[in-house]
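There are 2 protein chains.
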Amino acid sequence: MKKRLRLNAIEMFNPTDTPGFWAHPEDDSHRYKDADYWVELAQLLEKGRFDSVLLADVLGQYDVYRQSVAPSLEHAIQAPINDPTYLIPVMSQATKHLGFTVTVSTTYEHPYALARRMSTLDHLSKGRVGWNIVTSFLTTAARNFGLEEQMSSAERYERCEEYMEVVYKLWESSWEEDAVLRNKETRVYTDPTKVHEIKHKGKYFSVPGIHLCEPSAQRTPVLFQAGTSNAGKTFASRHGECVFLNNPTIEGTREAVEDIRARAQAAGRDPNSILFLPKITVVVGSTEEEAQRKYEEGLLYSSSEGLLTMLAGWSGIDFSQYGPEKLLEFIKAGDSRSIVEFLQNNPNREWTPEDLAALYRYGATTLFVGSPEQIADKLEHFADETGVDGFSISYVTRPGSIRDFVELVVPELQRRGRVQTEYEEGTFRRKLFGGTDRLPDDHPGHSYSAAQAQSV
Amino acid sequence: MKKRLRLNAIEMFNPTDTPGFWAHPEDDSHRYKDADYWVELAQLLEKGRFDSVLLADVLGQYDVYRQSVAPSLEHAIQAPINDPTYLIPVMSQATKHLGFTVTVSTTYEHPYALARRMSTLDHLSKGRVGWNIVTSFLTTAARNFGLEEQMSSAERYERCEEYMEVVYKLWESSWEEDAVLRNKETRVYTDPTKVHEIKHKGKYFSVPGIHLCEPSAQRTPVLFQAGTSNAGKTFASRHGECVFLNNPTIEGTREAVEDIRARAQAAGRDPNSILFLPKITVVVGSTEEEAQRKYEEGLLYSSSEGLLTMLAGWSGIDFSQYGPEKLLEFIKAGDSRSIVEFLQNNPNREWTPEDLAALYRYGATTLFVGSPEQIADKLEHFADETGVDGFSISYVTRPGSIRDFVELVVPELQRRGRVQTEYEEGTFRRKLFGGTDRLPDDHPGHSYSAAQAQSV
Numbered sequence: 001m002k003k004r005l006r007l008n009a010i011e012m013f014n015p016t017d018t019p020g021f022w023a024h025p026e027d028d029s030h031r032y033k034d035a036d037y038w039v040e041l042a043q044l045l046e047k048g049r050f051d052s053v054l055l056a057d058v059l060g061q062y063d064v065y066r067q068s069v070a071p072s073l074e075h076a077i078q079a080p081i082n083d084p085t086y087l088i089p090v091m092s093q094a095t096k097h098l099g100f101t102v103t104v105s106t107t108y109e110h111p112y113a114l115a116r117r118m119s120t121l122d123h124l125s126k127g128r129v130g131w132n133i134v135t136s137f138l139t140t141a142a143r144n145f146g147l148e149e150q151m152s153s154a155e156r157y158e159r160c161e162e163y164m165e166v167v168y169k170l171w172e173s174s175w176e177e178d179a180v181l182r183n184k185e186t187r188v189y190t191d192p193t194k195v196h197e198i199k200h201k202g203k204y205f206s207v208p209g210i211h212l213c214e215p216s217a218q219r220t221p222v223l224f225q226a227g228t229s230n231a232g233k234t235f236a237s238r239h240g241e242c243v244f245l246n247n248p249t250i251e252g253t254r255e256a257v258e259d260i261r262a263r264a265q266a267a268g269r270d271p272n273s274i275l276f277l278p279k280i281t282v283v284v285g286s287t288e289e290e291a292q293r294k295y296e297e298g299l300l301y302s303s304s305e306g307l308l309t310m311l312a313g314w315s316g317i318d319f320s321q322y323g324p325e326k327l328l329e330f331i332k333a334g335d336s337r338s339i340v341e342f343l344q345n346n347p348n349r350e351w352t353p354e355d356l357a358a359l360y361r362y363g364a365t366t367l368f369v370g371s372p373e374q375i376a377d378k379l380e381h382f383a384d385e386t387g388v389d390g391f392s393i394s395y396v397t398r399p400g401s402i403r404d405f406v407e408l409v410v411p412e413l414q415r416r417g418r419v420q421t422e423y424e425e426g427t428f429r430r431k432l433f434g435g436t437d438r439l440p441d442d443h444p445g446h447s448y449s450a451a452q453a454q455s456v
Numbered sequence: 001m002k003k004r005l006r007l008n009a010i011e012m013f014n015p016t017d018t019p020g021f022w023a024h025p026e027d028d029s030h031r032y033k034d035a036d037y038w039v040e041l042a043q044l045l046e047k048g049r050f051d052s053v054l055l056a057d058v059l060g061q062y063d064v065y066r067q068s069v070a071p072s073l074e075h076a077i078q079a080p081i082n083d084p085t086y087l088i089p090v091m092s093q094a095t096k097h098l099g100f101t102v103t104v105s106t107t108y109e110h111p112y113a114l115a116r117r118m119s120t121l122d123h124l125s126k127g128r129v130g131w132n133i134v135t136s137f138l139t140t141a142a143r144n145f146g147l148e149e150q151m152s153s154a155e156r157y158e159r160c161e162e163y164m165e166v167v168y169k170l171w172e173s174s175w176e177e178d179a180v181l182r183n184k185e186t187r188v189y190t191d192p193t194k195v196h197e198i199k200h201k202g203k204y205f206s207v208p209g210i211h212l213c214e215p216s217a218q219r220t221p222v223l224f225q226a227g228t229s230n231a232g233k234t235f236a237s238r239h240g241e242c243v244f245l246n247n248p249t250i251e252g253t254r255e256a257v258e259d260i261r262a263r264a265q266a267a268g269r270d271p272n273s274i275l276f277l278p279k280i281t282v283v284v285g286s287t288e289e290e291a292q293r294k295y296e297e298g299l300l301y302s303s304s305e306g307l308l309t310m311l312a313g314w315s316g317i318d319f320s321q322y323g324p325e326k327l328l329e330f331i332k333a334g335d336s337r338s339i340v341e342f343l344q345n346n347p348n349r350e351w352t353p354e355d356l357a358a359l360y361r362y363g364a365t366t367l368f369v370g371s372p373e374q375i376a377d378k379l380e381h382f383a384d385e386t387g388v389d390g391f392s393i394s395y396v397t398r399p400g401s402i403r404d405f406v407e408l409v410v411p412e413l414q415r416r417g418r419v420q421t422e423y424e425e426g427t428f429r430r431k432l433f434g435g436t437d438r439l440p441d442d443h444p445g446h447s448y449s450a451a452q453a454q455s456v
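Chains as they are written, first to last, in full-length UniProt numbering: chain A, 1 to 456; chain B, 1 to 456.
Please keep in mind that the hints were generated in silico from the structure rather than gathered at the bench.
Identical chains blur together in the list; that is why a pair holds if it fits in one copy or across any two.
Derived DSS-like pairs (lysine-lysine); straight-line CA-CA distance at most 30 Å:
| id | residue 1 | residue 2 |
| --- | --- | --- |
| 1 | 126 | 96 |
| 2 | 96 | 47 |
| 3 | 47 | 378 |
| 4 | 126 | 47 |
| 5 | 184 | 294 |
| 6 | 2 | 47 |
| 7 | 47 | 294 |
Could you put together the complete structure from these sequences and hints?
Written out as structure tokens, the structure is:
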């Protein structure tokens, strides 16, 4: 049987994703501050039977390229950027089924407050929330939060492990399932013997008390991760229920999937319980020719300066210091982040500057151009060859890219039995995995649910 | 001319306000986790031409009474409690005019993140957000955020002054009015020369960079404060645009109003530009008899244990150690918080235990019981005698108290020309004060708006 492909849209609460395309005549990114834009997008995604939308985030600016924040402002590279968590109530009120995953850094938010935010959003959306766990990488963010310098990657992950322990305790073990009675006869709202202090005392956090919120439908939100470093992959294999990838090749994607599944198995988890959702950019037309024309028109708007600003932020290298060959050399020599790493992990392929330019001019990601049938072919092929479970669809123009995908590609994938035609009932986790609203038995967060903590 | 009375509703994202009333047969507080409850409430308030709703908050539990969190759980005294900021997108999407003020503590949220949250909410609501500035008082919150003990009140206010400086710089001076160009011809989204680093370096915070968000309609949200201590009153007179009071007497309220207005004048502000909105609880019936019957039925649900839990939390005294006379003695001797202080500040009145019981059984606040005409008389009299500018209406049962007020009291106040029959257009600040969307010239936050900071 063919595997159902999950569809996730990638968004940010800012004016641009693919650098430069905000200036496309058909682009509506200037509406990003308008709640109605997000209502319409959510309804469009639900019409297309998308499983979820990811709201990515940063808490600083890109300032590596030309050693200045100026290029990121000029090209709107993730600046300005609003707090994406507030889009979830807007979008969840306008939909019934769509899931909402939001990026929140463990570096700048205390776990006691983060746990409440996520429980609140899970309550308001009736169990449709996911959390994309990141440890942050922008030094501008670190400085504005009063940290003299960014923690090392290793320290960030060590702290993040303890962070997860704290939030699991709050979500899974603090309030027993039947703690809240709301008994108007006995006048007891909550049975205090069934609410437990978590008594956490670790290297980074001290959280003695109870969780602020009563249990939500999922308790722990669906956990997303996008680790690409060795530490990141280990983290994803331990905690991730869904994993993003951004590797432009089938080989690189397959390797990453197999690597993380193997690590998960070694950690005692069902390797197939992790869903992989690589990032894909699609330019689709009703015919191949129309798609090609759209693609070529789009190139008029792609911004090299914007791309270099983004790549510099990811890699920490100021590309304004080098010619194009240096960029290629750097990419081939490899660095530790995202696309840069995926490229260096593909030694079997020769990357020419032309390859890279083509790849990058629609953002540093996998690009599929073609008719609905061709796109469906490519997506099925990519999935079958790599073992991924669906795709994270990014946009080029807003909301055109998503509208085209919903109107042209989704019906074709539905005809092929690859995309759901109706939603399952229930929480985001139940819709994604079937069966359960809560973390599965073999997930490390589950072990906290047998409340062992002492009652208050 | 009679002064227009502003109406503000007091809510919390939890199951109870007046202790015990969640168990009233007509109370719908169990719906507090349901977004639709808040949609309906927002629409009801807008129907009643309320100016705003205040979403109060705590980040810990009440654990002084019986030296345990158990009573607060049993009686649902501000526990469980969700994050109220997420109700704003829900309610603003369902309304056009209502303002939304939310309590956020300066103790547990970094100003760089708080500034983004407020700008985001102001964008999504198109300029309808207020911030109730608190410095927090619950030691359970301090402990769960890893602080061994709560900061002293003086230190909290000193830190809060610097906190305000940081957020004013981010909101008022970082992005010039015409920084964002969105020019599709020149392909410049933001003019970097018009975005300024705030370069803040103080005792408590170091924030060198730019604000994450472009300017929202109000830039700085409408600033609410409820200071009752000497330091609190000074803070309110400097920063507050709206001030809550919770003093059950006309004399005490008038003194507080005059005191804060005098302090504001001494600080160079127009003393009448501060709006005072004391907390009032109303039990209204279509006749006096019906109101009295409602009041007496309500007493069956009032919870002494719940009240003592709340008062113990406010005062820091565990009343389970004392008889009722001790409570009276304590209240008369005075302490530093809220109602307790207001009572001691009224030496001209003899407070009997019966007075206190009556007062407290509907929550520690001013209670008016009567027909619509009687309530309107009392509100007008209270306003005229004290110089306040409106009222913060709390609920007893949900949503019955607000529904009764909207259906019975508001039309009477409108007939008397005291409550608006239509909303003005524009932002929350413009609706409240007329004239301007931004901080007035004599407000300390305004001085930051002439951007002096160096561009990026």
